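Using the hints, position chains B and C against chain A.
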Amino acid sequence: MSERAGGRPTGARVASGGHGASGRHGGASRSPEGMWPPVSRRRKAGNLVFWLLCALALALVIAPTLWLAVDIIGKAVGNWQWNVLVTRTDQLQGGLLQPLLGTLVIASGAILIASIVSILTGMYLSEYATGPLRSVLRGAYEVLAGIPSIVLGLVGYVTLVVGLHWGYGLLPAVLVLSVLAIPYITKATESSLAQVPTSYREGADALGLPPSWTMRRIVLKSAVPGIVTGVLIATAIIIGETAPLIYTSNFSDVNPSLAHVTHLAVPSLPYMVYYFSFLAQPIKHANILSADAALVLLVFVLVLILLGRVIVAWSRRHAE
Amino acid sequence: MSTQADPAQPAEAAGPVRGRVDQAVVTAPHAATAGPVALTTAGLTLGFGTRTILSDVCVDVRRGAVTALIGPTGSGKTTLLRTFNRMNDRVSGYHRKGDVLLDGRSIWHPGVEVMELRRRIGMLFQRPNPFPMSIMENVVAGARAHRLVGKAGMKDVAEKHLTAVGLWGAVKDRLKDSPFRLSGGQQQLLCLARALAVTPEVLLLDEPTSSLDPAATQAIEELVRTLVPDITVIIVTHNLAQALRVADRTIFLNQGRMVENGETRQLFEHPAEEETAHYVAGRFG
Amino acid sequence: MASAPLARSVGEAVAPSPRRPAPMLRAVVRRADVVRWLGRTGAVIPLAALVFILVVLLIESLPAIRYNGLHFFTTTVWNEGVSYNALPVHSGGVYHMSGAAFGALPEIVGTLLTSLIALIVAVPVSIGAALTIVERLPRRLASLVGIFLELLAGIPSVIVGLFGALTFGPFIAHHITPVIARNVPDVPVLSFFRGQPGSGEGLLTSGLVLGIMIIPIIASTTRDLVRQVPILPREGAIALGMSDAQCARRVTLPWVGPGIVGAVVLGLGRALGETMAVAMTCGVALSTVPGNIYTTMTTIAATMFNYLDTAFLDGTGFAVRTIAELGLVLLVITMVVNIAARWLVRRVSGIALPVGRGV
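Protein chains in written order, with the numbering used here: chain A, 1 to 320; chain B, 1 to 285; chain C, 1 to 359.
These are calculated hints, taken from the structure and not from any lab test. Being a predicted model, the structure only gives us computed values, none of them experimental. Here a beta-carbon is modelled for each residue, glycine too, at the ideal position from N, C-alpha and C. Hints are all accurate, no fakes.
Listed next, the stretches of chain C that the computed footprint assigns to chain A, with coverage defined by at least 3 CB atoms under 8 angstroms from CB atoms of chain A: (1) 50 to 61; (2) 120 to 131; (3) 273 to 284; (4) 323 to 333.
The calculated lysine-lysine pairs, modelled on DSBU-like cross-linking and capped at a C-alpha distance of 35 angstroms, are: (5) B:Lys151 x B:Lys172; (6) B:Lys155 x B:Lys176; (7) A:Lys44 x B:Lys97; (8) A:Lys44 x B:Lys151; (9) B:Lys151 x B:Lys176; (10) A:Lys44 x B:Lys176; (11) A:Lys44 x B:Lys155; (12) B:Lys155 x B:Lys172.
So here's chain A without its partners, still in its complex pose:
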């Protein structure tokens, strides 16, 4: 930037320049046969540096992720025993059975509730709502997604655990996590419904078919892969949520029970990762369980996301 044309070999071009139609002089700016003007090394080097920095950036995205994955997996695999999956947690040792069950029950409950609300919401926003109402409702769930999960947990604690005297339990955790999942599934539903080609609807309308038939037979059918993917991703996200659980389900070593959805603290994997880690319990066998729980959680999340990816790829191939 600081270099002006003045002291450089290319300066001749600027000075004699031939700027504009009138002042252009035929041969002067043209180089002699076979001679190229000296190339600006600085520009070439600048471009090289630019791409090197970009490649470095990509490496900086990938390297920490791999490091993290290797670290988490490595810590768990050294002491891994398959029977931790079916062994009960006993104080700070044993296996992962109750937290595993707890996480599965909490996540399924939350996803069930969130799916009902979200698919209805997504359908309504995509098919029926118009104008400012639509923007307000859409804005609401988008902003809801940005609310820190710990704040949701606190609200759950204030209203459900204390306010309704439910105590820690399955139900408060399920309700809070379902609020967390709603934006993801709603977004997936809305955008996959919006991607259904208009020609499908018009074709059905032109045959005089009722809108609800079109909705079920054509529109929903082609939107299902997208919605399922949204559900899977939402599951992946809430399955790893920890912060809200400290306020709602807390931790215990009992089996989750559908007969006691309140007043019974429920263990879960993500909370175990924290609660059994070196940070909270500097005891070796507890730390091993924490590492095991982290591995199981990581595998769950990766499988869910990859599954979503596969469904999207599969449905795209079959759409053509």
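Leaving out everything else, chains B and C in the frame of chain A:
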């Protein structure tokens, strides 16, 4: 439509000829086409993937003349044009045999810096493509990238080239504005000013008027005539009347082959090849 | 999924005789109305939840707001008062333990500083990575990296926190920060990088970990935006003889500039509210405004997590009310940031930002 200048109408609408549009303003000097060769293709065969777009094309482009590339859709004229400044190099599956010589030297020679090549061989596209920056920054964008001008000289260079394309009067009070509010014709003139600001020796025009209205088209055609002989111009056009109006020489391509290369009037009136005659007659009816 | 039975019942009414719907029409219309009504009810839930959260936090924290006053934003004390053998004090209609005093300045400064570090790390890395993915990688590899970003976005924050606290933090504290801390000159601004490098818990570790977490949001949104830049202006830049770097800096990135700003603000929103990863790496210093980049500290979200056990011991509930006030502050900050990002992007470039973690 020989009209008198409408005072209410801004000057930019009529292009570089301030406010007056005469019918016979464009005078293509079909004489004086002699001169050394600027660009040569030597047995150029080129394709993408399994498709071959150009086969064994050998043409000479005269320096300081306007050369038109004509031919039916898919004849490879745009591909040939984009080869001259190596815009095809990065298209996937690109493969090539043969060579293109600029001033007798291969444009793919390892010593050739592609950025410098493109400074020497400028290009104007089918649709105007201003950059997301102010009008003034647009004009000097290339010149700044090549460090032909410092920050201080920006305004002078912008004025010079905007004047050259006849846009100065229309935009001098809004140099800081976005170019996207200009009309299509004005945007294309802006892009032309931008291309001229890097002082190219050759200018490639890829159907530069195909998205413009007749008045803007006429403005561009008039400008093209003022560029020669300082700049060698190659224009791809599907409009044979346009080729006849602006081009000293014309090259007819068909199905990726060079069929005929000659003086424009000669090629249109007394084509040497039957294919050319057929095409020209068919298009002119 | 759960709406499948509903959809089926709607469809079955018609499916047997789609060609002659007349007799069924009325039933169909009625059922369609039911769908619409249910949909509207469902669609209002997120909005209602939003209002509900705001109101609950406001009511819960009202006594804390009254007692803590404006000192809450300017002081650094964090003390729930005397908990043992002490009677609650009643002042100004608010019950609290005697000696209770809360100032959230360390939390607020910590939240802003960690997010700032995260942005400084994540923005250039994300934009560089996005440009590489779009302009340089073959399509196969690009979609592989896309999956990678999606996985990174999905990694639970407690796992990132575990990695940050037990591996990443100690690593930089042993191998990187001592070198920087020793060699940085003692001049204004840079002196922030001087001092005891510590054990790896603190501002720098938390900020870097947050950076790793928001990279996928910014990178994948930027990648999608760059893909949308029309080819024509980019070719124009290349044809002028601009280098790739110049084309990217002067044409491609400005073209989608507002969208990238929106993505960055969205990432900021996530960094501000992230709990576990920070709570596990910050070192939990409830009353410390960081004096250098290695000091242990806390953020609003981290305090809400780490201080909870102590807060429950306060029989008057005032400590929990103060946590609610913290939550309200965090909620307002993140909502403003989120709405600003969406407003900005929609106004300028008419595209929609991703939701939440952007996966």
